[in-house]
Amino acid sequence: MSPKPILQAKNIIKKYRMGTQVVSVLNSINLDVYPGEVVSLLGKSGCGKTTFLNIAAGLERPTKGEIIIDGHLLNKISESKMSVFRRKYIGFVFQLYNLIPSMNALENAILPLVFEGIPAREREQKGRELLKTMGLGDRLGHKPSEMSGGQRQRISLARAIINNPRIIFADEPTGNLDSRTTKEILDLLISTLRKNGQTLLMVTHDQEVARHGDRIIEMADGKIIGEKVM
Amino acid sequence: MRKKDLFLMANQNLWRRKARTILTCLGVIIGTASIVVMISLGIGLRISMEQSMAQWGSLNIINVHPGMQWDESGNPTGEEKRMTDETVAELAAIPGVTAVSPQYNIDGEAKLGRKEGYLNIVGLDPAVMGELEFSVEHGRLLAPEDRFAIIAGSQVINNFWDERAARRGGMMMDGPQQQDPAELLDQRIQLTIRNQAGNERKQNFFVVGILDEKNMDRSWQVYASIHDVKRLRDFMMKGANNTGQMGPMAKEVMYSGSGMMVASTVKDSPSRGSRKDDRSNDYDSIMVRAKDVAQTKEVSQELRDRGFNAWSMADSLKDIENVSRTMQAILGGIGGITLFVAALGITNTMVMSIYERTREIGIMKVIGASFADVRSIFLTEAALIGLFGGIIGLGFSYGASQVVNKIGADYIQQGMMMGGPAANISVIPAWLAAFAVVFSIFIGLAAGLYPASRAIKVSPIVAIRNE
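Protein chains in written order, with my numbering: chain G, 1 to 230; chain B, 1001 to 1467.
Check each hint, because a few of them may be wrong.
What the hints assert, rightly or not - Facing chain G, from chain B, some residues (calculated, C-beta under 7 Å):
no., residue
1, M1001
2, K1003
3, D1005
4, T1358
5, E1360
6, I1363
7, I1367
8, F1371
9, V1458
10, P1460
11, I1461
12, V1462
Everything labelled a hint here was simulated from the structure, so no lab data went into it.
Note that this is a predicted model, so its numbers are computed, not measured.
Ideal Cβ placement from N, Cα and C applies to all residues, glycine included.
Assemble the whole structure, with the sequences as input and the hints as a guide.
Shown next as structure tokens:
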């Protein structure tokens, strides 16, 4: 294991104000994730795992604590610069795919490259090749609504890794898929990451899914309650 | 994000909701079209006025008359100015004045061969006629050494008619017949004048030139050297001197082109010959040429400030410019309100679009769209609505402009006997077309500012929540 973690979460605390009450969602979370690792964050619904993922990805700010990705302290990155940071370092996979319905498979997969300013020919070639390796070579022109859940999640995977981010965050990536497709998607995701030496932090409530990781971090009530190396 | 991608994406987004985009564009189309058509009417009005005025007479000539200026309630506004050689010198010294000529007018019965008619003779300084914008179509201008030579306006020939021929021809000809102005050239015209004592004098004039048809205000007169005219005028005044009475010419009312009645009191000086203010030799008027239209307006104003009775075509031009500017402002304002409403339409559409696309905006932000990207996308969409609306609106404007001109031309041709192509009522110059498109883009951008700032504020977390 490489000595320098790619993701460091130091004493993360998150509190929400609900009316007059203050709800504590995350209670002093400390976590290091090392390059090339696949880490599963396992916990029941409402335990705060998605909140932690959002904070780790810079989508939300912690009430207290620090997040460091690849040596960059996220707390110091302004809201307007955060998008650019995410574009460079972070890939995302969601439970509900979050594809843009008006765009076809190829357009969705290469959208990060559009914001990166890559010329059309170059990015389309890259997108075509990537989607082909994911078994979508013949569905490039289809809209998400014309595709199955598994196919949609593949597009979403392609979109997450197309600009070679150092770390990928996945929030219940198989939450909407049947068990066979779940296995397919996870195998595809993890094998692709391994090939490129990328890191994955995956949130799930499913033990089976969590078992795909190198390490399982168990969460409950905003705290880490256990860790298991596979 | 590349400009090309930005435009493609914005364009794609717009056409996802065709009906809404078209309706929003329609607002801009109507707004742009109304602004352009309204302004084009103002421009067309001014151009057609300028054209017809240039036909009526030169815009650089100022006619200075004696007599008092009157204010609106009919009271004289200051001392009466006299028209003497000193006046001529004074006027010549005004900056912007390039030529000055004193002027005498006489008229009388005249004969051209067998034809009879009458002549209005204007005596001018032959040396400056060229500078006073006289130009001949046939023959030549007057030379200083010419004696009793005249150049005739293009319509002067129509002052003469052959009585006997007309009688022979019976009732065949009704109304005056148009004759070729060139027929007058090198002809001898005999003028008959009488003085107050009843003496008669006949004087032959030789036509050396015919004026071109450019200036309609000069077409019914003949022009001679002021010295010749002065001699004839002296003869006519003689009787008046002898009798000491005011003759029929003593009180002459001239109708000047500006529509002002000017009482010319040159010749009714009661104490003729007895005192220093003998006015019998005063000029009837003075013709002043200014360098250009702008100078004409200034000189004209200067003359009035000095108490002269000055009038020029350019003065009316100023009024027309004011009217057309006011019209443009009013009409443009109406169009402007329409476009403002259209801008609200764009804002409304864009805000609705943001509500619909909240999730999409959130996703884009999560996968790396910067604030600038999001802002640019929405601003570009709004600007594109402006651009489409502007271009189509401009197209409609050209159509509407042609329709207006077609209808207008029919009316004008019915109402005017004068030939020549009817001026366009609505004119869209290139600058107006460019302005319309640029302005509508600008309107789109301005309308997109608020929605774009809202789009930036969309929280990616809220947008991608799994609900």
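task = Return the status of the interface hint for B:E1360: holds when the least beta-carbon distance to chain G is below 7 Å, violated otherwise.
result = Since the shortest Cβ distance to chain G is 5 Å, the answer is holds.
task = So, B:I1363 near chain G? Judge it on the closest CB pair being under 7 Å.
result = holds (5 Å)
query = Against chain G, is B:I1461 within 7 Å by beta-carbon distance?
reply = Nearest chain G Cβ about 5 Å off; hint holds.
inquiry  = Is the interface hint satisfied for B:M1001? The criterion is a beta-carbon contact with chain G at less than 7 Å.
reply    = holds (5 Å)
inquiry  = Next item in the hint list is B:K1003. Is there a CB on chain G closer than 7 Å to its CB?
reply    = violated (10 Å)
key: Restraint satisfaction for B:V1458 [CB to CB of chain G, less than 7 Å]   = violated (12 Å)
key: Minimum beta-carbon distance criterion (7 Å), B:F1371 to chain G   = Hint holds; B:F1371 Cβ to chain G Cβ min 4 Å, cut 7 Å.
ask   = Can B:D1005 be said to touch chain G, with a Cβ gap under 7 Å?
value = Holds: closest Cβ of chain G sits about 5 Å from B:D1005, inside 7 Å.
task = So, B:V1462 near chain G? Judge it on the closest CB pair being under 7 Å.
result = violated (10 Å)
inquiry  = B:T1358 was flagged as interface toward chain G. Is the shortest Cβ-Cβ separation under 7 Å?
reply    = Cβ of B:T1358 sits 12 Å from chain G, so the hint is violated.
query = Should the interface hint for B:P1460 be scored as holding, given a Cβ-Cβ cut-off of 7 Å against chain G?
reply = holds (5 Å)
message = Please check whether B:I1367 passes as an interface residue: C-beta within 7 Å of a C-beta belonging to chain G.
response = holds (5 Å)
The structure fails to meet hints 2, 4, 9, 12 from the earlier list, while all remaining hints are met.
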